[in-house]
Amino acid sequence: MDRLTEYLFPKQVSTFAADIDNLFYFIFYSSIALFAIVVFGMAYLAIKYRFKKGDEIRLTSSKDHSNILESLFFIVPLILVSITFVWGIRSYLKMIIVPDDAIEIKVTGQSWFWTFDYPDGGTTLNELVVPSNQPIKIVLSSKDVLHSFFIPVMRTKMDCLPNRYNVMWFDAQQEGVYDIFCTEYCGTGHSQMGAKVIVMKPAQYEAWVAELGSDDEDIPLDELGAKLYTKKACNTCHTLDGSALVGPSYLQTSQMWGEERVFDDGTSTIIDDNYIRSSILEPQTKIVAGYQGVMPTYQGLLNDRELDALIAFLKSLKEDSQI
Amino acid sequence: MAENQKQNYLTHPKGIMSWVLTLDHKRIGLMYLFGGIIFFFLGGLLALGMRLELAAPGNDFMSNDTYNNVYTLHGAIMIFLFIIPAIPGALGNILLPLMLGAKDVAFPRLNLASFYLYTLGALFTLYTIVSGGVDTGWTFYTPYSTTSTSNVIPMTMGIFIIGFSSILTGLNFIATIHKMRIPGLTWYKLPLFVWALYGTSLVQITATPVIAITMVLLILERLLGIGIFDPALGGDPVLYQHFFWFYSHPAVYIMILPAFGIISEIIPVHSRKKIWGYKFIAFSTLSIAFIGFLVWGHHMFTSGQSVFSQIVFSFITYFVGIPTGVKIFSWILTMYRGQVSFTPPMLYALSFLFLFTIGGLTGIFLGAVALDIHLHDTYFVVAHFHYVMQGGTIIAFLGGLHHWWPKSMGTMYNQTVANICCLGVFLGFNGTFFPQFLLGLRGMPRRYATYDPQYADLHNYSSFWSAILGLSIFIAIMNLLWSLRKNNKLDPGTNPWGAMTLEWTHTTSPPHPHNFEEEPVLEHGPYDYDKVIVEPTFKK
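Heads up: the sequence lines are chains B and Z, in that order. Counting in our numbering, the first sequence runs from 1 upward without gaps. Counting in our numbering, the second sequence runs from 1001 upward without gaps.
Hints in this document: simulated from the structure, not taken from any laboratory. Quick caveat: nothing in here was measured; it's all calculated off a predicted structure. The reader is advised that the hints may include incorrect statements.
Quick list of in silico lysine-lysine cross-link-like pairs, DSSO-like style, CA-CA up to 30 Å [to be verified]:
| no. | chain 1 | residue 1 | chain 2 | residue 2 |
| --- | --- | --- | --- | --- |
| 1 | B | Lys-63 | Z | Lys-1279 |
| 2 | B | Lys-53 | Z | Lys-1279 |
| 3 | B | Lys-94 | Z | Lys-1531 |
| 4 | B | Lys-53 | Z | Lys-1489 |
| 5 | B | Lys-48 | Z | Lys-1014 |
| 6 | B | Lys-63 | Z | Lys-1531 |
| 7 | B | Lys-53 | Z | Lys-1539 |
| 8 | B | Lys-52 | Z | Lys-1014 |
| 9 | B | Lys-106 | B | Lys-231 |
| 10 | Z | Lys-1531 | Z | Lys-1014 |
Here chain B stands alone, though its shape is the one from the complex:
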């Protein structure tokens, strides 16, 4: 069974994952039994009673019911679905009753990245860091359209709505880095709206929380920018290889440094530090011709040093590409 589980499912990391997989196996094996009856019954009857060459067309049997068989058609599936229903609800209750000692993390979906707010202050983008063996309560909401927060290894997901909070929880049993996906269609960047959940040992997590917000002071600006590029989800829409995604590539912008950029209203401006800064903080005011104005504002999500870092990183791309 273990090898089958490994083949069929992602890892079982949350406390209730094994239970849900077992529910799957119960339905799976019952289904295989029913399916075998259908397919073998069908093949047996079709072949046994096939009309052979040379057979005479004759009156066939008038048998069209059997009380025993018909009762079985009702009773056997009824028993199986009753077990499935009760099991499904019991497991579901485990998935929604949040333990009292849970740490609460606020998750906000926004086209097309995730923001995580931790209980003791501090925010991360697209990287959810949690301690292992500790219930985590996730409070979900959205800043724009619907999103859905899905962690396959935890076997749980929940929609993010713009007008109210939804709650889910998990308790990770194994350290590691796992996928998070958006599973409610949200437009152009939907398939790139992924994130990672990083499960750490509790002691490591404590240290990480203490550092949160105070790190990154002593690394060079362009290296910090490179970190922020993925950490703040710029990579969802802007590539580094010159190809256009939802937004223009950083490389292209970098190579056009000092040149004129044309906007969709016909105006234009020279690409410089101030242009980049205002594009990050007020992305809706000037939209590059040929693109849709879909970028959210990063006002409040980046401090001044981080803005400087991103600009430095962008500028550095041009030199790298010339080497």
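Following the hints, complete the assembly by docking chain Z onto the known chain B.
Chain Z in isolation, oriented as in the chain B frame:
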């Protein structure tokens, strides 16, 4: 008399206007078939485009925005322009009056009006495509659909109009079934396809107004900002989901019940055997139609609805499974002590039993709330509904088309080619969609234009087989059309399967413009293979 026999509805009367203004249910049915097949091809091409893009993880073939347009149009076209109108509109129209011994449907003019509403809706859809497409998904979830800059209004307007076509057809069929039966054709002597159309029509007239209203509210919200569904205006997106699924779940039964009807006709005829459990099949149709109205919440298991709703919707969902299971077992047992011929329609019916059983059983996985939360909006759901919609409805539709083709067109296709295509469809279908169950279990979300490389192998496999599936369906339809070539007419008395419903025993192939030369007299029930021998006749 002899002169009269040569007349059939295809050639009499002549001229283009005699088709455009026809009140003949058979001609209207053929026009629906023509429209349906065109949209089936269009939807199929879009599907192959999606599989091409998904063959490898990156944006290799189309951009995110293009992909989003393509998958939205694939869903909307297949559902609203092909599956929902095609079986009741095409096969239902051609066959219902013939099966009842009637001259036409109860309201022939209304019937033509339904067809033109369908055409108008189709024009709106074509306009949507040529003017830049729509990218919201066929579900039009708010607030994305209220803020998207794509052509939401023309597409939803098209759906609104097609809804009326659906309602009027349903109304027409119900009146026809109640009032147009020949004397002696009591409810329990009706062919089961008629029961299936009756159940379908009931759902059509009761559920469709809800989608119509929902689409109007969505349009008003976009135009006037009235604030029903968009939270930015004070609305509620979950309300939209309730409205949408209150129609769209019963719509699943608008799509599958006619398919059940087709299977209930094909299996007894090609097994030359009385159908097993006639009343069970008839009443399970009605109970599925009824229960189908009470389960819409299972589309919303991750929306945050109350725990109580989750439990109730999960509970009721299983009660759709029970009558469906009864039908499947009855169809299989029909072959018991019969004379089974492996004709193209029968092979499609057997494929249906295989594929639809998988579709139905995987629905049980999704009905269990705890498991659904993992599988919701993943490829498991995509695979499940394709097994039901394509493995079920479209396979049954193809089977029905092969079964009634000699009746409605008066020609016979190459049966060997048809059998090979059926096998190709079966293999191609499983190859395309079975891997998607595995993708879903592993967590691959729906509606992704690009994906994590860990899913590449299964996607690649699925894409490869989709080409075989597409090709097989294309050849199957071409094989049917090729039979229409000159000098390939069958003898008007042809009854190639030895069927004993009225459309086979009491009129010519293709039928007389007025269906029957005189009102038929019922001599036996639709499946009395234990009482009467009807010899198959197959003459050029």
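Hints versus structure:
| no. | hint | verdict |
| --- | --- | --- |
| 1 | Lys-63/B with Lys-1279/Z | 14 Å, holds |
| 2 | Lys-53/B with Lys-1279/Z | 33 Å, violated |
| 3 | Lys-94/B with Lys-1531/Z | 59 Å, violated |
| 4 | Lys-53/B with Lys-1489/Z | 26 Å, holds |
| 5 | Lys-48/B with Lys-1014/Z | 49 Å, violated |
| 6 | Lys-63/B with Lys-1531/Z | 12 Å, holds |
| 7 | Lys-53/B with Lys-1539/Z | 19 Å, holds |
| 8 | Lys-52/B with Lys-1014/Z | 44 Å, violated |
| 9 | Lys-106/B with Lys-231/B | 17 Å, holds |
| 10 | Lys-1531/Z with Lys-1014/Z | 41 Å, violated |
When the structure is compared with the earlier hints, violations turn up for hints 2, 3, 5, 8, 10 and for no others.
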